[in-house]
Amino acid sequence: MGWFRREHYLLAAIFLFTLGLRLFFAFQTDGFSSDESYFNLRLTEHITDNGFPLIHDDLSYSGRDLLYSPVFYYIIAFFNFFFPIVIVAKVLPNIFASLLVVVVYFISKELTGDKNIALFTSFISAFVPIFLFYTTNSFTVYSLMVPLIFFAIYCLMDIERLKYFFIFAVVFAAFLHPSSILLILGFWFYILVMKLSAQDLKHSDLEAVLFATLLTTWSVFLLFKNALLAHGISVIWQNVPSEILRVYFSNFNVIDLFYKIGIIPLLCGLYIVFVYTSREKSKDVTILVGFAASTFLLLWLRLLKPEIGLIFLGISLTVLFSQFLKNMFVYVSNSKLSKLSPVFAVVVFLLFIPTMILPSIIYTQDSLAFTPEKEVVDAMVWLKNNTESGSVILASLDNGHLITYFADRKNVFDPYFLLVKDINTRVDEVGKIYSSSYETDAIELLNKYDVDYIFLSSFEKSDYNILDISYKGKRCFQLVYDKDVKIYRSLCELVER
Amino acid sequence: MKRKLNNAWILVIVLLVASLFLLTPHLVRFFKFDSVLLGEESYYHIRMAEYLKSFEVPKDDPLIERPYVVNPYHFVLAVSSFVMPLELASRVVPFVLGILSTFLLFLVFSSLNLGKNKILIILLMFVSSPIFIFTFATSSQYSIIIFLNLLGFYFYMRKGNLFLWLSIIVFYLIPFFNLFNALITLILLFVYTIYSRMGLRRFYFISVGIVLRTIIYHFSVFYRYGLPSKVPFTLSNILPSSISDLGGLVSVSFFTLLLAGVGLIVTWKRKKEFYFIYPFMLLLFIISFFLGDYANIYQNFIICILAGYGFYNLWHRKWSLKVMKNLTLLVIICGIIFSTTSYLSRISYSQPNSEVLESLVWLRENSDSGSVVLSHPNNGFWIEAIARRPVVLDGSFDYISSLDEKVDDIDEIFASRNLQKTSDLLDKYNISYIWVNDEMKTGLVWNKGDEGLLFLLENSENFKKLKSYSGIDIWEFIRGSGQ
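Chains as they are written, first to last, in the working numbering: chain A, 1 to 497; chain B, 498 to 980.
Some hints here could point you the wrong way.
Said to hold, decoys possible - Below are the EDC-like pairs computed for lysine to aspartate or glutamate, each with C-alpha atoms no more than 20 angstroms apart in a straight line:
hint	chain 1	residue 1	chain 2	residue 2
1	B	K945	A	D398
2	B	K819	A	D30
3	B	K822	A	E160
4	B	K945	A	D422
5	A	K421	B	E948
6	B	K964	B	D895
7	B	K815	A	D378
8	B	K938	B	D924
9	B	K945	A	E429
10	B	K938	A	D65
11	A	K461	A	E493
12	B	K945	A	E444
13	A	K448	B	D921
Unchecked claim - Output of the computed footprint for chain A on chain B, the stretches with three or more beta carbons under 8 angstroms from beta carbons of chain A:
hint	segment
14	743-753
15	890-898
Keep in mind that the hints were calculated from the coordinates and are not lab data.
These numbers come from a predicted model, not from an experiment.
All C-beta atoms in this analysis are idealised placements derived from N, C-alpha and C, irrespective of residue type, glycine included.
Chain B on its own, in the form it takes in the complex:
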């Protein structure tokens, strides 16, 4: 007897797969890296949540010359930390939000009457996408932004005043995160309102609130601190940073993209039904110039929907050669599984590892609290959060004072073999320690062992190697000796 797929089964399957993919990086790191927390930004969020937990909202970031702009995600982490340690909260909160988001997406698709098979395929595409794994396996503010968007959208789709008010409450929270997220939310709502022909009154009601809140909140920040730094954009890296198989982090797998292409061709025949998707995709593309890779998080929804349509079409269309159908679908499934597993492996084994943690704990215990540490900006969040020492630059360039000058000076320090020049610049930023890891030595900063600062570190008496871990060296800058 052929059993029909019901909603409960779809939900169980999808949530199980989502849980598997979201838990894998944590399990791998639990066994391989002594459970060291994943990601870079995670460490920034954990640090700021710690301040909020002690009922202290800093005006400026205590470890870097940058104002602190309140982020609701830090509040969520801080509140969660009353029932569990912050490190655990940084894993549990995104995981729970990921599961809830998947559930909400299921509800949204069910309301749109997409059909059970299509819903299952699209949701499987979604939970196996590298972007889903990135958003909900690392501690990222986007986990809550996506959750709130889906929740608000689900309420917005329902009839009745209660749901309208609920959606208003949810949508009004979104501008607290980021200007562009508020903008995307507005566009999404507008597109859906037009598509569902539900009347623009509800949309106006919500959009006025979002716009006002955005103006009040963000423009006051801009007025005080100026615009956040623009993401450096080059056409040459758009492909590698958008495709996970080419090394992108917040990116789409190649096979999903290929399937989305098939989906686009399939839906093009019903373009009147899907017309709202095309301008939305274009807008997201434009926004990606400002938001960088993070715009891919929104693109991922559209790509997964189109890929789902593509796969569904390949599965259900009449094939002349049955064997080709089976093999083609097999290759597609293998391709997606390969992309997902290879991404999972990459993200699970990504930095920081136990050596990074150990070295920074050592630095915290063996240096003065005000000592400035120099490293690549990518390592900045770890140094701030684990070693609790100030840095010149970290992974976020928003609202940093004299940013260009700092970037140029750091580049100069790394590249120069002139001791006098390097010492002057180290003095300028009061740098006492230099933390160098393997990534910096193998392409991130230098390509050869005797390049720039590496040469000085090895050959000048002004630098003393304090500690070495596998691939990581901690150097002390000794002022005024042997220059």
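For reference, chain A alone in the conformation it holds in the complex:
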């Protein structure tokens, strides 16, 4: 136990604190804060029940093929043999996400060589608001993917010593999720910056990057060959409908960066990026700068979902903040104020409380409001108990996965767009059904998608800016469930003469 020193105990304490904080929020509600979680629950449950992944989903889009890497779901399914799925899906992803503080500690220590700064950075990395918001009460693969990607970055910093860990991290990430491409882009940005700034690039780094690139590319081709064949190069946008793609980015602005990443890590991290691309030279900082730059570029080109991009950017800048602290303390200790170094440390810590810790806690608390409302879940359970098993339910995009999970019925669409043909038409036409004033138009489209029931909750009302469907009083639509949520049965069929 000689190697287990004081800082390791402190790191363990930070890890346990982070985990405790996350679980505290996660167990404040029974549900999950993202609809994607319910889709992931179905994928996991299918593996638990059948032993193999769900390849053809009879419910999503009323029947479609799925394309994904099942590695994450197998891991969760393994634990599901011992514990209930809801517990596993809440606890395990939070354990993975909490491991980020350990990875950040080691990266910061590698960057600065100062264990106190590394511990402090590790502590504040637990509070990156967007990461906490996105992964605390969600069952998502990013809980594991994010620490894994930063672990691979750490291994590249000392590749000779950590080569086997690097291989493990890259292989695992490549087969876990296609976002591993982001890591590869980051590595190539690192090489580019090293070349542009005339720094010596070690052969071992280049070799490791080459291996990672080839392996990741191959795995993406292997796993997503059908998507590449179906969508070609536009698979980059994952077949996301253009309207939704617009919404993703229309809500995204610079102010978002301040409260989703944290103002201090953002500004100090950017300062370090500036300094180390212009004056100073450090290989380890360049790796992180490369990764942050590639993420920023993808965000700027709208090739990455804003939340995901901000998570990676936020953590990269938080880690770079450790270098800022190091530089600041070196500066202070070499100045006349050297005796005030401890005071500076306390001030920095205090500054973090109002600018990062409190906002992230409030932000995470807000995320709990995104769990499905009880009325919505009740209505879906009613659908499960009172409709035929093959019925098709029309609902908004946000309710798509909930229909398949809670109601166990077919939906018309949900946010899993890959491999869906004519997705833009489908999105437009669902909008028309909800907002149309003409019964015949609505019936024609309802017939087209074989819809049996129309689901009307607050999501549909706000998405399509309606209070109710305007043709509700007619003989073709029977109100079968009338509470806060309404469910109409579609009865008519349009016959062409």
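Following the hints, position chain B against chain A.
Showing chain B alone in chain A's frame:
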């Protein structure tokens, strides 16, 4: 004791691998599809070879409004058919040409003193490339064009008048196939002549002959029938049609392309030695605008050479991390094997299958010989060759009269739900039968079961379903009933 690789072993390994890849599609189809011949154009070649076999050179194609431009590949098939059935000849001839081409490529590389390991790697890249499999596993005129180019080039490289005359004989055959192939041959010869500093006299001697023969042969065809149709080109499909992993047919595997990138970087350091490759690549790229995917057949040689250099460099360079070297090479080999096997599987299970054959044989036996059959142009060669019935359009648009009008009319027939309009157009082309397969119903023409003509077929008395096979329907158009 470490055994040194000698030429005989290289040849044996490469020819065995080539044979394996070329035979696999035929074996799969033998067991799965009752040995139905692979490809679309294969059926056109087989049909024209049949005419030539009976010592008949048609002026026009008897089953479509298009002049018949003589193609030497049809003669080769016709001659081979005296010793074996034409269907077998369509498999054997490309296979033999593929093996001979690989052998010739080995001889060419040996003459260039590339080094045994490099030759082995490049040749393995070549025989495992999707383009090699496509060219020599399907019955394609490019099998003989590539063979003749390599043969002529090999003779051209050798010293002595005998070889010069032999190369002249071979090169003079190439203009009979295609204008662009003659052009590429000329460029290739020019580049090699400059590179080897062998003097331009030999080149002039051959090029004058090729140019004259091209002018005499092709320009007389152009004068009579106009220019062949240009391949529709869009930037958006250049990537998917060039990379086999993205669905391209005459295309390069992604990993080979990646390795070629490494090879390009490696050879860039010796750019004075390799300068001839760069303009040649550029020219091929420009030619691809006219030749379509088929330009990739020539690009493939350069890509395989560069990929071979890339792999060789990765293998022989000094690595700091041995484990990374082993894993990187392993991933590359796995990637190439994955691309090749996935391409082999795709091509082996591609259409036509036994149902297509069965349905078209039924159509031949149950329709009048002059009855015009409507289908997607992609199915045209099969209908002509197996059902022996005329079509409006087939897979080749060259020299077709009123091409644009025909394309528009067929699009209109497929898209319209107006019975009167559809009947008029079917009458215009005297169409009696409509042959619809699954590919047409699932994206090639329609996306939904009640779209355009599909709706009319199901709901109008003017159409009668005669026969259904799995995924294939044959409809008869009954004129003047219930309109």
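So, against the hints stated earlier in the document, which numbers end up violated here?
Structure breaks hints 1, 2, 6, 7, 8, 11, 13, 15.
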